[in-house]
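Keeping the supplied structure of chain A fixed, place chain B upon it in accordance with the hints.
The lines below spell out each chain.
Protein chains: 2
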Amino acid sequence: MADFTVTPWEVSGAVDYSKLIKQFGTSRIDAQLKECISRAVKGHHHMLNRDFFFSHRDLDLILKDHETGKGFFLYTGRGPSKGMHIGHLVPLLFTKWLQKKFGVNLYIEITDDEKFLFRREYDWKEVQKNADDNIAEIAALGFDPERTFIFKDSEYVKNVYPLLLKTARKITGSTVKSVFGFDDSTNIGMNFYPAYQVVPSFFEKKRCLIPCAIDQDPYWRIQRDIAEGLGYYKTAAVHCKFFPPLQGISGKMSSSAGSETAILLTDDEKTVKNKINKYAFSGGRASVEEHRKLGGDPAIDVPYQWLSILFEPDDDALKKIHEDYRSGKLLSGELKLMLIERLNLFLKEHRECKAKAGKDIQKMMYSGKLAKEMWERTYE
Amino acid sequence: MADFTVTPWEVSGAVDYSKLIKQFGTSRIDAQLKECISRAVKGHHHMLNRDFFFSHRDLDLILKDHETGKGFFLYTGRGPSKGMHIGHLVPLLFTKWLQKKFGVNLYIEITDDEKFLFRREYDWKEVQKNADDNIAEIAALGFDPERTFIFKDSEYVKNVYPLLLKTARKITGSTVKSVFGFDDSTNIGMNFYPAYQVVPSFFEKKRCLIPCAIDQDPYWRIQRDIAEGLGYYKTAAVHCKFFPPLQGISGKMSSSAGSETAILLTDDEKTVKNKINKYAFSGGRASVEEHRKLGGDPAIDVPYQWLSILFEPDDDALKKIHEDYRSGKLLSGELKLMLIERLNLFLKEHRECKAKAGKDIQKMMYSGKLAKEMWERTYE
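Read top to bottom, the protein sequences are chains A and B.
Its first residue numbered 7, the first sequence is counted upward by one per residue in the working numbering.
Its first residue numbered 7, the second sequence is counted upward by one per residue in the working numbering.
Calculated from the structure, these hints are not laboratory results.
Don't take every hint at face value.
The list cannot tell twin chains apart, which means a pair is met if one copy fits it or any two copies do.
Said to hold, decoys possible - Here are the computed lysine-lysine pairs in the DSSO-like style, where the Cα-Cα straight-line distance is at most 30 Å: (1) Lys-281 x Lys-48; (2) Lys-375 x Lys-164; (3) Lys-360 x Lys-299; (4) Lys-164 x Lys-183; (5) Lys-183 x Lys-25; (6) Lys-40 x Lys-28.
Just chain A, same shape as in the assembly (with noise of 0.2 Å):
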């Protein structure tokens, strides 16, 4: 028995993301790798300088393909649920990076048939409203309007047909099973639906992209095993770890497991305060005085590492707040309020970006640029 279980289904235990990358075959992205796309870039991100984003498949035949001028592509996507927390913004605000500084067209699937194949709780109109909802969401955080395309796989499932149909030809009902560890009780949809999710990875003749949590690349070893066969790339992606719960730096966060354990991007200033207060697991000491003293932890401070992966970019910003808790200037409740300030504002203006995202829907839906072509196009 390993300690810790990761499938896209479900993440337990505390993970180890050294064996992780041995376990999937990926690839670490190391010091090199990081320099080769800030020079590319002309930039940082502190998800990669920090290393939450960790693993790789072909990221460096993707900045050679840039460099060529030969380009690449982004995709990533969403099982679309009933609130989205700030844990699912991780990739995207990524993605969002790549798409930026790149330049490149970005696909986003919204996967209502997996969420509704693997959750028989759900009705159809429920998951149609948590992607209507999802989607708002995801267009708040500003991709590119005339370079991004967000489609539901119910939407947009007559244009892919014929490329689901051929992609599915090529997998066996034994992969699915010794991949995702579904068995004969398995309903013949779920079965299906792993075609759906790497058919975007053949949108373009060119080098994909994804980036996306590490559970996720099981569908990509599937991808890579296939998609030569099919005459296009094996894709390359870019992964990233769990985003911790309120509860601790192990685990993923996640909104079925309870709300008390994630912040719900639609959470209001009040309960952001309380959870955050009430839930946070902090590396803390047990009074102010043996803080003083002895320091807190930020390596098991789950505000801390919020403010790491999310809230504070600033490498400096981030340094002095690692010292001060580590030395005990810094209280507990002080990181906390800080973590509950930035969560706030973000939210505040995540809110104001949403309220104003109805246009830009639109665009990267129907009307864009790479949305009018696609509803154009079939794939064969």
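What follows is chain B alone, placed relative to chain A:
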């Protein structure tokens, strides 16, 4: 080991239809049921009278629904192939008769996805070409263009996708394994496909009647297991025997088995004449003298059987042929000539209808009353 095999993809051996009724758990169409049908439609059909349609599920309930004014609808389909042969027309012609007599809606599913998934040697363009050709052949038969909806799975998929997923969610891998003999080497598209063949039986909230060859029944067994759980009726079906190939009365006519076993709808007069004279298995005697003396055997004579199934609907006329052949008065060559003439007349008229079918195709696929309604509808 059974001495014959019947699956949707293979028919071999000398099929024992009584055994098949037991094996599949269907019911025989008995004299009483035939009478009920005749009473309901004020007419007869020779395919019923002569037990070519021999088995059913819930046909009695269909008649009851008709009587009480609840009504029902018809559904049949076609896996598009390179050339349609006369055997393919049998269920379609019977369906046409049912539609006319009962005045009901008819859905014809063109399973381009199935063909593509099950036949790796096909490319998509080829399947589409075959599908369009087959649709023209079907439309030429003269269904009611306002009450018939012919659709390709690939074209209509968006409209049914939620219902397709709902159906797939109810079917496990072990079900399709046991019903169709799939295994872990089966591709995930084939595994999924049965859900799509079930879906049209849910197109109306009425009972569905499916005229088809008996080899398609496994799909309806699955349908009947899940229909009520999804809020629909268990489908009814009427099953026909297999149209015998030229070489003998066992097995099933197949275009892929080689063109000398089948009469294609595109065969010209000379080809028909040559094929019948050269290949049609005869129940006649070795010499004219012997034939005059001992008589032929209509039961194993392919030309006689074809007349019985398709080309001589008049009972008295068929009886006379039977008697004359049995007595030796009618020679094998004369019987063949009779068939050749009927066949060529039929094919000539069919080709004329096909040439003029353009407007009806348009109506049945897109612009007729039923088709228009169907394109405006999404099934959830």
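(message) At most 30 Å between CA atoms: does that hold for Lys-164 and Lys-183 within a copy, between copies, both, or neither?
(response) Answer is both; intra-copy 27 Å and inter-copy 27 Å each pass.
(request) Using 30 Å as the alpha carbon limit, work out where Lys-40 and Lys-28 are close: within a copy, between copies, both or neither. (result) within (20 Å within a copy, 69 Å between copies)
(request) Since the copies are identical, ignore which copy is meant and state whether Lys-360 and Lys-299 lie within 30 Å (CA to CA) inside a copy, between copies, both or neither. (result) neither (45 Å within a copy, 93 Å between copies)
(request) Can you give me the call for Lys-183 and Lys-25, within, between, both or neither, at a CA distance of at most 30 Å? (result) This pair counts as within: shortest intra-copy Cα distance 22 Å, inter-copy 36 Å.
(message) Treating 30 Å as the Cα threshold, decide for Lys-281 and Lys-48: within, between, both or neither.
(response) This pair counts as neither: shortest intra-copy Cα distance 38 Å, inter-copy 75 Å.
(message) My question is about Lys-375 and Lys-164: at a cut-off of 30 Å on alpha-carbon distance, are they close within one copy, between copies, both, or neither?
(response) So Lys-375 and Lys-164 pass the 30 Å test inside a copy (20 Å) and across (23 Å) alike.
When the structure is compared with the earlier hints, violations turn up for hints 1, 3 and for no others.
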